[in-house]
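Participant: So the chains spell out like this:
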Amino acid sequence: MTTEAIPQSEPTLDDALPQGIGKLTTAWILFFIAMVVITAVGVYAYLLQVNSGLIVTGMRGLGTMAGATWGLYVAYYVYFIGVSFAGITVAALIRIFRIEKLEPVARIGELLTVVALMLGALAILADLEHPQRAMINLVKLGRPQSPFFGTFTMVIAGYLFASLVYLYVTSRKDAATLAHRSSRFQGLYRFLAAGYKETSDQRATDRRATFWLAIAIVPLLVIAHSTVGFVFGLQAGRPGWFGTLQAPGFVVLAGVSGIGNLIMLAAIVRVATRTKHRITVDAMSWLAKLLLGLLVTYLYFTVVEILTITYQPGESEQALSEALLSGTYAWIFWGAIVSLVVAAALLIWQALTRQWSIGLIVAAGVLVNIGAVAKRYLIVVPSQTHGQLLPYPVGSYSPNWVEWAVVLGLFALGAFMIGVFMKVFPIVPLEEAE
Amino acid sequence: MNTKTIITTAMILTGVGLMVVSYLFMATPVCNTSITCRDPVTPFAPGVFVLGILIAFSSGIFYSVYQGRK
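As they're listed, the protein sequences go chains A and B.
All residue numbers for the first sequence refer to our numbering, where the first residue is 40 and numbers rise by one.
All residue numbers for the second sequence refer to our numbering, where the first residue is 4 and numbers rise by one.
Some clues are possibly wrong.
To be verified - Label-pair distances were calculated between CB atoms; the ranges are: (1) B:Pro46 <-> A:Gly226: 19 to 25 Å; (2) B:Gly71 <-> A:Thr108: 51 to 57 Å; (3) A:Arg246 <-> B:Leu16: 44 to 50 Å.
What the hints assert, rightly or not - Here are the simulated DSS-like cross-link-like pairs (lysine-lysine), alpha carbons at most 25 Å apart as the crow flies: (4) A:Lys212 <-> B:Lys7; (5) A:Lys62 <-> A:Lys140; (6) A:Lys315 <-> A:Lys212; (7) A:Lys236 <-> B:Lys7; (8) A:Lys328 <-> A:Lys62; (9) A:Lys315 <-> A:Lys140.
Simulated from the structure, these hints should not be mistaken for lab results.
Glycine included, C-beta positions come from ideal geometry on N, C-alpha and C.
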C-alpha cells in the first residue's frame with residue numbers, strides 16, 4: 040500500500056493575521072483594479088478640466104448665462120461631509136453612553152469619517168478652476184465672517200485631524216497585538232503601537248483619552264456640519280437657501296446619510312472579513328434605531344420647509360417651489376421623498392415588530408443615501424436656476440460626463456482607501472481572544 | 004500633577020489660546036463693516052487657527068503614547 044502526501048498550501052507569513060489581512064484573493068485583486076481604473080478616468084477628466092477650464096463641465100454663470108455655478112461637485116461635497124457624521128457619532132455614543140454593542144462597528148465608522156472628509160475636501164477643490172489659489176488664500180486671507188472660514192478650519196482641518204487622532208488612539212492596542220506576530224506588516228504595527236503595553240494603567244489612559252476626545256469632537260461635529268449649512272443658509276439674496284432651518288437640517292441629514300453609509304459598509308465588512316459573529320443583528324439594529332430617529336426628524340423638517348415655501352410665497356419663492364414640486368426638479372424631489380419615506384417605513388415596521396433583518400436595514404441604508412444625494416442636489420442647484428431675484432430668464436443645469444467621471448473617481452478612490460485599510464489593519468477591533 | 008498631565012494641559016491651552024487669539028485679534032470677526040478690514044489684520048490668521056486645532060488635538064496622541072520616566 041502506498042501513501043500519497045495530501046497536497047497542502049504552504050503557510051504564508053501573513054497566516055497569523057486575522058480578518059484576511061495581507062491576503063489578496065482574485066475578487067480583491069479585481070476590486071482594486073476596478074477602483075484604480077475608475078479613479079484614473081476621474082483623474083483624466085479632472086486634468087481635462089484643469090487644462091481647459093470649467094467650460095468643459097455643465098456649469099455656467101448665473102443670470103445672463105442662465106446656468107449654475109455650483110453643481111454636482113458642491114452637491115457631493117455636502118454629501119461627503121454629511122457621510123463623515125457617522126464615525127464620530129458612533130464613537131461618541133460608545134464612549135459617552137457606553138453602548139458596547141456598537142464597539143465592533145466603531146472603527147468602520149471612524150475610517151468612514153476620515154475617508155469621507157478627504158473626499159469632501161477633494162470635491163470642493165474639483166469645483167475650483169484654480170485650486171492652488173484657494174489653498175494659499177484660505178490659509179492667508181480667510182475671513183471668520185464667512186462660513187467658508189468655518190468650513191476650512193472646522194471641517195477640513197479640525198474635524199479631519201481630530202478624527203485621525205481618534206482613529207489612531209483607538210487602534211494602538213490592536214497594532215500592539217499584531218506587532219507580536221510575524222507578518223510583512225510587523226514593522227508598521229510596531230510603529231503604530233508606539234510602545235503600547237497591555238497594562239491596567241494604559242487601558243485607563245486610553246479610556247480617558249478617547250472619552251475626552253469624544254467629548255471635544257461632538258461640539259466640533261455640530262459646528263462643522265452647521266457651518267456647511269450656513270454656506271447656503273446665510274445667503275439672503277438666494278430664495279430657497281436663506282433660512283434658519285438650513286444649519287440644523289444639514290446636521291440631521293448628515294446623520295441620516297452618515298449612519299446609512301455606515302450600515303452599508305458594516306454589512307459589507309461583516310461578510311468580507313467573516314466577522315458576522317461580531318457585527319451582529321443586534322449591533323445593526325442599534326444603528327437602525329439611530330437612523331430612524333434622525334430620519335423622522337429630517338422628514339419633519341422637510342414638511343415644515345414645504346409648508347413654509349408654499350404657504351404665501353413671494354414671486355421667486357413661488358417659481359422655486361413650482362420647479363421643485365411640479366416642474367423641472369419634481370422627479371428628483373419626489374424620488375427623494377419616496378426613498379426617505381420607504382426607508383422610514385421599513386425601519387418603523389421592524390421597530391414595531393421587534394424583528395430586525397440585516398437585509399431590510401441595509402435596504403433602508405441604501406434608500407436614505409439615494410434620498411440624501413437627491414436632497415443635496417436639490418439644495419444646491421434649483422435656487423441658482425430658478426431662485427432669481429433679478430429679471431433673468433430661468434436657468435438650467437445638467438452635469439456632463441466630466442463631472443460624473445470626477446465624482447465617480449472620488450467614490451472609487453474612497454473605496455480603494457477603505458479596501459487598502461482592510462488589507463493592512465483589522466477594520467473590526469480585535470477580540471481579547473484574538 | 005505628573006509630567007504627562009502638565010504637558011497635555013499645556014498643549015490644550017496653547018492650542019485653544021492660538022485659536023482664540025487668531026480668531027478675535029488676528030482675523031477680527033467684529034470688523035465686518037468697513038472695506039479696510041476685508042482681509043484679516045494679520046495675514047495667515049486662519050492658518051494660525053488651524054495650527055491651534057492641530058496642537059490641541061495632538062495632545063490626545065501625546066497623552067496616550069507618552070509613558071513617562073520608568
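Participant: Hint by hint, note whether the structure agrees.
Facilitator: So, going through the hints one by one against the coordinates:
1. B:Pro46 <-> A:Gly226: 19 to 25 Å: 42 Å, violated
2. B:Gly71 <-> A:Thr108: 51 to 57 Å: 55 Å, holds
3. A:Arg246 <-> B:Leu16: 44 to 50 Å: At roughly 23 Å between Cβ atoms, leucine 16 of chain B and arginine 246 of chain A fall outside 44 to 50 Å, so the hint is violated.
4. A:Lys212 <-> B:Lys7: With Cα atoms ~20 Å apart, lysine 212 of chain A and lysine 7 of chain B stay inside 25 Å; holds.
5. A:Lys62 <-> A:Lys140: Violated - the C-alpha atoms of lysine 140 of chain A and lysine 62 of chain A are around 28 Å apart, more than 25 Å.
6. A:Lys315 <-> A:Lys212: Since the Cα atoms of lysine 315 of chain A and lysine 212 of chain A sit roughly 22 Å apart, the hinted pair holds (cutoff 25 Å).
7. A:Lys236 <-> B:Lys7: Satisfied, since the Cα-Cα distance of roughly 17 Å is no more than 25 Å.
8. A:Lys328 <-> A:Lys62: 35 Å, violated
9. A:Lys315 <-> A:Lys140: 13 Å, holds
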